[in-house]
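Student: In case you want the letters, here they are:
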Amino acid sequence: MNTSAVKWAGLAIAAAAVIFSVVLASRFGTDPGLVESPLLGEPAPVLELPLLDGSGTFDTSRLNGTVTVLNFFASWCLECRNEHADLVATANAFNDRGVRFVQISYQESAEASSAYLDQAGRSESTLYLSDPGSRAAIAYGVFGIPETFFLDDSGTVVGKIIGEADAFILGATLDSILAGETPGQKITGDTQQRPGD
Amino acid sequence: MSERFKNLLIAGVTLAMAVTLVLLVATNETPDDRVERIGSAIKCPVCQGEAIADSPAQMATDMMALVEERVAQGATDEQIIDELLGSFSGAVLLDPPVSGATLLLWLAPIAALVAGVGVVLWWKSHPGRATPDDRLPVTGSRRLVGGLILIGGFVAIVVVAGTLLQDRAGPAEGAADVDVQNLDDVSNETMEAVVDANQDNPQINGMRLALAERYFEAADYRAAFPHYLRVAQDPIASDEEAATALIRLGWMAYDGNEEVQTALTLFDQALEIIPDSQVARYLKGQVLWCGAGENEQAVELFEAVLGDDDLDDSIRAQVEADLSLAAAGEGCA
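Those sequence lines, one after another, are chains A and B. Just so you know, the working numbering puts 58 at position 58 of the first sequence, and the rest follows in order with no gaps. Just so you know, the working numbering puts 322 at position 125 of the second sequence, and the rest follows in order with no gaps.
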């Protein structure tokens with residue numbers, strides 16, 4: 001090998017090392033919570049969760065056959081409070097069209113979530129569930145809240161909103177699902193983790 | 198027996214012993230060891246690069262409980278990891294998979310090793326001497342290659358270290374031992390860790406409020422909100438702590454979300470706890486004036502605030518200025 005070839009080989013190695021390092025370093029800042037959910041296009045996880053009021057349990061397989069909006073919330077989440085009125089209004093508006101809303105308390109006691117809903121208001125057409133052991137949050141791959149999932153009438157996850165949703169986004173997403181479309185994932189803003197985590 | 202054969206025999210026996218040892222360790226793994234090993238490979242989704250086995254976060258604890266349950270049910274490592282991958286994607290793996298785009302991550306060190314060995318071999322076979330047929334003497338090209346590698350390595354270290362330091366600032370370990378009385382030099386991350394580690398300690402509300410105040414002053418209402426809410430709802434919080442939290446929540450409801458009625462309710466709750474709170478009275482007046490256009494009610498509240506002889510001069514001047522504008526029927530600035 002002549003010296004010129006080695007010189008250029010060394011130069012190429014050094015340049016490759018720099019480019020590789022920069023690409024690698026740039027990935028450190030990427031929020032893993034924003035990657036596309038692997039649940040999209042897959043059957044929704046089936047879970048049996050306690051009702052928030054403690055009056056029994058609910059098997060989520062019963063949601064099959066119904067277009068469903070499934071939202072994770074907590075009283076300590078500011079974005080959840082901001083979107084709450086829109087969730088209630090959209091649940092009421094789409095009730096006649098056979099859409100079911102389910103809100104699942106995220107990493108919070110059932111008592112704290114119930115007290116919050118007493119203050120913020122409930123929709124009569126929404127099912128409120130608790131999630132002991134974060135089993136639903138793990139099954140849905142929740143990185144932070146609010147996160148909202150959309151299930152079509154075959155029980156397939158067809159949409160997800162990361163961040164605060166408003167009535168316009170919720171309504172438009174439901175309209176597209178009812179029209180047989182798959183809206184996919186949208187990122188509307190930040191999510192929160194439980195304080196201290 | 199030849200020397201070569203002896204060496205081969207020793208190497209073979211050593212290798213066999215190592216393999217046996219590894220197999221023994223692997224087959225003697227208890228279920229707890231397995232849970233720990235699997236948990237060490239799964240990244241906590243709400244943490245910064247921490248395994249669920251090492252993180253105290255609620256989500257990590259709950260995921261470890263799930264892994265433990267699956268191990269007890271007889272699931273294989275692959276089944277457990279696949280279940281989590283099916284929910285969270287590959288983002289929960291601490292080590293990237295050896296496939297697809299991440300293959301480069303695994304191959305890069307091997308490629309770097311091969312290239313490094315090549316450079317070293319060339320280096321050793323080319324002692325520094327001039328060659329007439331090259332434009333640069335060999336010593337010059339050697340320096341160029343060596344210099345480029347050094348610069349490349351330096352830039353790589355600076356970029357990676359800079360990014361890591363930026364993302365992971367703030368110590369968390371040992372944070373629970375921080376002196377609560379002196380918070381000036383304590384980072385927000387450390388305070389978060391201390392508050393989290395002492396959630397059931399009634400003395401922690403002071404630090405929680407101090408942390409919330411930092412966020413509030415930085416207008417980071419989102420971060421401040423859960424801490425104020427926790428203090429406001431804490432039955433063992435002192436009257437002063439609860440009132441402070443309610444006042445801040447009220448102002449954030451108005452300033453951050455234009456919720457006039459919620460803000461007024463929260464200020465009233467604070468005034469029920471501490472009836473002579475001039476801050477609650479003044480901010481309630483501000484919301485009535487700026488948010489509801491209720492100048493008369495605002496004027497009454499501003500006048501009540503000015504009736505306090507102990508009011509700080511600068512605050513008095515501000516309230517007087519607001520009072521004169523509100524009394525003249527003006528809107529707030």
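Hints are not guaranteed to be accurate.
[As the list claims (entries may be wrong)] Examples of chain A residues toward chain B, derived with CB under 10 angstroms:
id, residue
1, P50
2, A74
3, P132
4, G133
5, R135
6, E181
7, P183
8, G184
9, K186
10, I187
No lab work stands behind these hints, which were simulated from the structure alone. Each residue gets a CB set at the ideal place from its N, CA and C atoms; glycine is no exception.
Student: All the hints need checking, so say for each whether the structure fits it.
Tutor: These are the hints, each one checked on the structure:
Residue-level restraint check for A/P50 is violated (minimum Cβ-Cβ distance to chain B is 15 angstroms; threshold 10 angstroms). Interface hint status for A/A74: upheld, as the beta-carbon distance to the closest one in chain B is roughly 9 angstroms, under 10 angstroms. Satisfaction of the interface hint for A/P132 is found here, the shortest Cβ-Cβ separation to chain B being roughly 9 angstroms, below the 10 angstroms cut-off. With a least beta-carbon distance of about 5 angstroms to chain B, the hint placing A/G133 at the interface is held under the 10 angstroms criterion.
Restraint check, A/R135 versus chain B: the minimum CB separation of about 7 angstroms is within 10 angstroms; hint holds. For the restraint placing A/E181 at the interface with chain B, the shortest Cβ-Cβ distance is roughly 23 angstroms, beyond the 10 angstroms limit, so the hint is violated. Among the interface hints, the one on A/P183 is violated; its C-beta lies about 19 angstroms from the nearest C-beta in chain B, farther than the 10 angstroms criterion. Taken as an interface hint, A/G184 does not check out: its beta carbon lies about 15 angstroms from the nearest beta carbon of chain B, beyond 10 angstroms.
For the restraint placing A/K186 at the interface with chain B, the shortest Cβ-Cβ distance is roughly 17 angstroms, beyond the 10 angstroms limit, so the hint is violated. For A/I187, the interface hint is violated, the least distance from its beta-carbon to any beta-carbon of chain B being 15 angstroms, above 10 angstroms.
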